[in-house]
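Protein chains in written order, with my numbering: chain A, 32 to 359; chain B, 32 to 359; chain C, 32 to 359; chain D, 32 to 359; chain E, 32 to 359.
Rather than coming from a laboratory, the hints here were simulated on the basis of the structure. Please note that the accuracy of each hint is not assured.
Note that the list lumps identical chains together, so a pair holds whenever it fits in one copy or between two copies.
Claimed, not checked - Calculated cross-link-like contacts (lysine-lysine; reagent style BS3-like; alpha-carbon spacing at most 25 Å):
#, residue 1, residue 2
1, K221, K260
2, K150, K108
3, K221, K297
4, K260, K88
5, K140, K108
6, K199, K221
7, K297, K150
8, K88, K221
9, K88, K140
10, K163, K297
11, K199, K300
12, K108, K260
13, K140, K297
14, K354, K150
15, K300, K354
16, K140, K160
17, K300, K88
18, K354, K88
19, K140, K260
20, K297, K354
21, K199, K160
22, K160, K354
Here is how the chains run, residue by residue.
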Amino acid sequence: MKAASAPLMSIIGYDPAGAWEHGGESAAEVLEYRNPAGISWINLNSLDGGAVSELGKIFRIHPLTIEDILDVNQRPKAEEFDDYLFITLKAIHREGDETGYEQISIILKEDTVITFQEKPGDNFDGIRKRIKNNAGYIRRNGTDYLAYTLIDAVVDEYYLALDLQGDKLEEIEDRAENENDTDFIPDIQKIRRALSALRRSIWPLRECVSRLLHTDSPLIRGELSPFLKDIHDHVVQAAETVENYRELMAGIMEVNLSTVSNRMNKIMKVLTIISTIFIPLTFIAGVYGMNFRNMPELVSPYGYPLIWTVMLFTAGGMLIFFKRRRWI
Amino acid sequence: MKAASAPLMSIIGYDPAGAWEHGGESAAEVLEYRNPAGISWINLNSLDGGAVSELGKIFRIHPLTIEDILDVNQRPKAEEFDDYLFITLKAIHREGDETGYEQISIILKEDTVITFQEKPGDNFDGIRKRIKNNAGYIRRNGTDYLAYTLIDAVVDEYYLALDLQGDKLEEIEDRAENENDTDFIPDIQKIRRALSALRRSIWPLRECVSRLLHTDSPLIRGELSPFLKDIHDHVVQAAETVENYRELMAGIMEVNLSTVSNRMNKIMKVLTIISTIFIPLTFIAGVYGMNFRNMPELVSPYGYPLIWTVMLFTAGGMLIFFKRRRWI
Amino acid sequence: MKAASAPLMSIIGYDPAGAWEHGGESAAEVLEYRNPAGISWINLNSLDGGAVSELGKIFRIHPLTIEDILDVNQRPKAEEFDDYLFITLKAIHREGDETGYEQISIILKEDTVITFQEKPGDNFDGIRKRIKNNAGYIRRNGTDYLAYTLIDAVVDEYYLALDLQGDKLEEIEDRAENENDTDFIPDIQKIRRALSALRRSIWPLRECVSRLLHTDSPLIRGELSPFLKDIHDHVVQAAETVENYRELMAGIMEVNLSTVSNRMNKIMKVLTIISTIFIPLTFIAGVYGMNFRNMPELVSPYGYPLIWTVMLFTAGGMLIFFKRRRWI
Amino acid sequence: MKAASAPLMSIIGYDPAGAWEHGGESAAEVLEYRNPAGISWINLNSLDGGAVSELGKIFRIHPLTIEDILDVNQRPKAEEFDDYLFITLKAIHREGDETGYEQISIILKEDTVITFQEKPGDNFDGIRKRIKNNAGYIRRNGTDYLAYTLIDAVVDEYYLALDLQGDKLEEIEDRAENENDTDFIPDIQKIRRALSALRRSIWPLRECVSRLLHTDSPLIRGELSPFLKDIHDHVVQAAETVENYRELMAGIMEVNLSTVSNRMNKIMKVLTIISTIFIPLTFIAGVYGMNFRNMPELVSPYGYPLIWTVMLFTAGGMLIFFKRRRWI
Amino acid sequence: MKAASAPLMSIIGYDPAGAWEHGGESAAEVLEYRNPAGISWINLNSLDGGAVSELGKIFRIHPLTIEDILDVNQRPKAEEFDDYLFITLKAIHREGDETGYEQISIILKEDTVITFQEKPGDNFDGIRKRIKNNAGYIRRNGTDYLAYTLIDAVVDEYYLALDLQGDKLEEIEDRAENENDTDFIPDIQKIRRALSALRRSIWPLRECVSRLLHTDSPLIRGELSPFLKDIHDHVVQAAETVENYRELMAGIMEVNLSTVSNRMNKIMKVLTIISTIFIPLTFIAGVYGMNFRNMPELVSPYGYPLIWTVMLFTAGGMLIFFKRRRWI
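Here chain A stands alone, though its shape is the one from the complex (with noise of 0.2 Å):
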């Protein structure tokens, strides 16, 4: 990942032959390493209004598209335009132990790619060493491969996010079974955010991935169309993963609340049959503790052992008729 202190633009040139990489301030101190006749990537560190606009008047950028890089909370697409395509995605951004969203445009025209990120750090130093040890096709390869790659990292960080999620609901899953406590709702409060979060990131994709396979433009050449249609299946299925989240989750939900409605509803009913069987009994003794001057079966010898035997049967006959209704 990149340091934070980083300068503000990056610029990397590369062909078969070579690559070079020069930091800078302002487009004008970075384009003077551009390769005239292989490849450039401009990145910028973060959305500087006078970078963009600065780099938007050189590369002729329509002013939608700069509106566009500028306002964060784009919905991921893909648009062509006469001399570029303009890709716009939602990166996942780690910082320390957080994970949040950052937003990536890319700018692609015949000989140069430009990449705007919204927050400093990436997740293409990987492309980076790659470009410089002329590992992979990159070197060999146009301004879309490239494209290709960094999109290709973007899916690969959501595999991660997913993974992580998936492993959060299995423990939860293990809790529910076991303990039958509910104190994982928060938890998956917190999982279903997350995975709301990557939904939103990883649904329009699918479709933008989907435009740039059908696109009839000139600067995606058909031999990308394998990786494209390896992207697009990397999405659809990064999106089931999401969609079994879900649904895993709603069971969990279904589930728990079965079994503790059930518990509750159990422990409830033997509490109640305790109550109920002794509540009459209460009531038997409750009669005999009358202070009546006339009640002959106080005075009887067989009074006292009598009224025990009534009590003894009024419990046991109700323990009975529980038992053959199943209630206990």
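Starting from the known structure of chain A, arrange chains B, C, D and E on it as the hints suggest.
Chains B, C, D and E in isolation, oriented as in the chain A frame:
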């Protein structure tokens, strides 16, 4: 916002060179100020039947369009006629603290835009200023760009309204988590209705903008396409935000339902356990409160401490039983 | 509304110059009054099998169409045949206070419209008057415009029926909020059924009007297109209103369920807390109601006040405990 | 309905001039009676593997079709082959009081229709009679019309089955409203399953008829089109009726759930209120049942009436408190 | 099923004249036995990275395909490349009693089929036997028919797995009806997961077979079309069976929830009624257990029988009241 005491009609004439505005009470009065070479924007402050049909006759508007303008329960739509486009929208209308909707109908002709407002006071003052100050692109563009600007202003208001509901939802989410209270249900219901109303305004607009985007009417020039796409993206995003809020709301309701029911269950369980422990004890005490003459336990000097022991063991046994079953 | 004692058949002949109406009991009888140059509208007051097949033979109607006219459980649809269009609809039929549905079938030929009503009495009297008084466009237009007017009259009735249900829902919504009662559930169920019936009539009509709109039958002239679009918009809006009402109804049910259950929970909690406080106190009183001879507390002069103190502290302690846990 | 002891195979030969029927146990036996000029309808009474493959060889049927005919778990479908159409359906099969499904496969060739029944006894006796009596259009039409008549007979049976379930639902609806009982839940479950089975038979039939409607096989003549449309309409309507019944069922369940739960809540509330009023009173009585020697209230002559007063005020106070809070 | 100790690779060469099988540990080793004139089927027993890339080089497979073969989390799909078709599936894999999934990838070339299995042991032994014994059509057909046979074997396994879950569901349905227990909820959850896994395997297969059906690659001959349609029908039916089971499961859950809750309600009601009747009686007994000196009722000789009468009337009155309100 325009004062309610403004004249019924107003006309703004403009071209790249200049702009003027005039008010009046009848079509004849304002049409004197029409811009013969440039563009004229005629605005009706309220749905005065006479004025609408007067304009209808002058600009040869189809009777069904007139009917649609006057019926304020129209679904947002765009319709092509021989020499004009008809667009009807639901705009958010503020009056003091209250927020409602008003129907805005737009007739787009080659050199004239006519807007019909349901209620006096609108969201177009910013546009009027931009025309007068020659800010932005309006003065240099045709009637289609003006129509775009008007629709854009309406869509921007949706975002404000959505943010308002979003803030309320966030606040309720905190309350739902912290206090376990359920007093927010009427508030939820209010948000539900506000979102429902927004959705009814936003969803058909999607279709409507999409129709403008794919029209082959000469009234919409090709250059407007990126602008209409931009509005389309905004409308789609607004529609998705509504869905997200609805989902979030359902999540809050579900979690709250689950939390409240769990909490209530725990309370009832503890209360019932207390009763269940004391009811058998009360029965035992009741037994030795009976007045039978022949109760040997009562005369024994160990009777009283013994009965306390029995009662303590009964209570203790029940507690152990409940604990073993994990009821407490 | 036409009287039920009206003749079985009636014919209205009209052209821009004039209009006349005649009734009769057989096809032969009314067809004498057919308009040779202009347009004839034949109406059947009830589904008399003989009259229907008589008309079928005269106008060479396909046996399946005859079958569809006589079977009153048709789904609304539009079908093209060689020299006629067949449209069948569900119209709202009022008889005193009760509201039901009746099937209206329309045969649209070049110079004749035949309408078949399931039950005597219809919603077309307004149209008859407009023909006779030469109001509106009917007299100056063809059979397609008459058919449009008839369908429009049916759709207008849906709006009235929807408004009625909307008013009822609003009333129930107020009751649901103010009284926390649940007596409105049978009313909700009635509205649910009414909406369900409306939906079954409206949804297929959408498809049916859409088919008329996109037909290339010469029986529907191009100029009718804006009128059919207008009906289509109305049907779509009616369908959406049904969905809105259903959603609103679900919202009322959910909120009411939640409110009622919360209220019940609160009541039960308070009641249970009262019991829970008094049950242990009753136990203490029970203990000192026992008749053991050897109970030193009973003889002590401080016994009685002491036990009151114990009981007050027990009750107070429980109240504090409940308050700390925020149970009360 | 055909007797189960009927011969395995039967052939009906017909043309506008006449019709004859013969039974037999092998293809060779019945094919002697084939109609060389007109149409032959061969029917197999049960899925005898030998007979099916014998017919398969004679009529050059694709091995996969033979497999599909013998596998009784086919999804209803229509398939075109070089010189025949293959249609497979689920027909309702009655045996005494029980209703089940049987698979009917139809091979439609230019001059022959072969039907394969899963179980002996079918719903086609009416058609046989119409052929023999020259009723309807069958004798004057081709094999496609015969196939249409067969499918139509199957669809008509669905309506009977739907009406049966509809009647049961109506009855349950009345019970659900009047008695507040819940004993109808097993009945609901039965209806649910019956509807589910019907749906599985009806839904794919829609697709299947639609395929026949849009086929360009010469085996289906253009004149059949209105008849196939008619079946299509019926199937769509049957499918919608299933959905309506399912919705109605869900409504009954929901209303019943709500009613039962409300009723139970009310009962429990009243019962709990009774307990809650008497428990404190019992405590007071308990206090003065204690045997402390030093209880001044007991000796006072006003003690007893006073304590009654206290108890009445306690009870009254609680009742007023409950009433004020609208609990009773 | 093949033993796990089988060699890593195996090759089956066949043509109408004969068939042979050889095993080996490297591509070089098995490719010696390749059938130059006829068809070769190379099978990899596990996803050995080295062997896969060796085969990839020999058969010029696209690097993305190699990646997809090695990544066992692929979504079932079919992809066309220049000179091969790539199909990847999820097959059910049994190991002892446990059932899991394994990924099967198929490369279909003109004269060669290569299959890659995730785990040793497969469901293809029947196919191997049919090739060796020249049973069925395989030996007389091309590689496309072999691929069809392989996919068919995978789909057949789905049916077995579905039947297993169907049997379990039926058993649970009986338990849910007879015992009113809820112990089957973990079982339901297991079935839910098994169905969910099946669905994830079956749904994308639909699309995948549909793509094979509509491909215009010369690798799939026209004659295969009925066979692919057959698989398609099976996959669709399997998918519908999953949906039916899910619906059935939801129905069981709903009915069980309703039954359990009704039963619990009835029990609680009876128990509460018992308590409610005895609590006032206990109060009355408590009153006459008080020790006030001045209680005239106590001295009266009719006091005791009278109080019994009062208590019996109270209890009876309450019972009548409850009965009238239909609470018991």
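Are the CA atoms of K297 and K354 at most 25 Å apart within a copy, between copies, both, or neither? both (14 Å within a copy, 15 Å between copies)
How would you classify K221 and K260 at a CA-CA limit of 25 Å: within, between, both, or neither? For K221 and K260, neither the intra-copy (32 Å) nor the inter-copy (34 Å) Cα distance is at most 25 Å.
Within a copy, between copies, both or neither: which one fits K150 and K108 at a CA-CA cutoff of 25 Å? For K150 and K108, only the intra-copy Cα distance (19 Å) is at most 25 Å; the inter-copy one is 37 Å.
If the cutoff is 25 Å on CA atoms, where do K354 and K150 land: within, between, both or neither? Let me know, please. Neither, since 68 Å and 48 Å both go past 25 Å.
I want to check one pair: K163 and K297. Are their C-alpha atoms no more than 25 Å apart within a copy, between two copies, both, or neither? neither (67 Å within a copy, 62 Å between copies)
Between the shortest in-copy and the shortest cross-copy C-alpha distance, which are at most 25 Å for K140 and K260: within, between, both, or neither? Classified as both: same-chain Cα gap 21 Å, cross-chain 21 Å, threshold 25 Å.
Given identical chains, is K354 near K88, meaning Cα to Cα at most 25 Å, within a copy, between copies, both, or neither? neither (86 Å within a copy, 67 Å between copies)
Give the relationship of K260 and K88 under a CA distance limit of 25 Å: within one copy only, between copies only, both, or neither. Only across copies: K260 and K88 sit 22 Å apart there, 33 Å inside one copy, limit 25 Å.
Regarding K88 and K140, is the shortest C-alpha distance of 25 Å or less found within a copy, between copies, in both, or in neither? within (14 Å within a copy, 34 Å between copies)
Is it within, between, both, or neither for K140 and K108, if the alpha carbons may be no more than 25 Å apart? within (17 Å within a copy, 32 Å between copies)
Homo-oligomer pair classification [K260, K108; C-alpha up to 25 Å]: For K108 and K260, both the intra-copy (17 Å) and inter-copy (11 Å) Cα distances are at most 25 Å.
Identical-chain pair category, K199 with K160, by Cα at 25 Å: neither (32 Å within a copy, 46 Å between copies)
In summary, the structure is inconsistent with hints 1, 7, 8, 10, 11, 13, 14, 17, 18, 21, 22 from the numbered list given earlier, while agreeing with the others.
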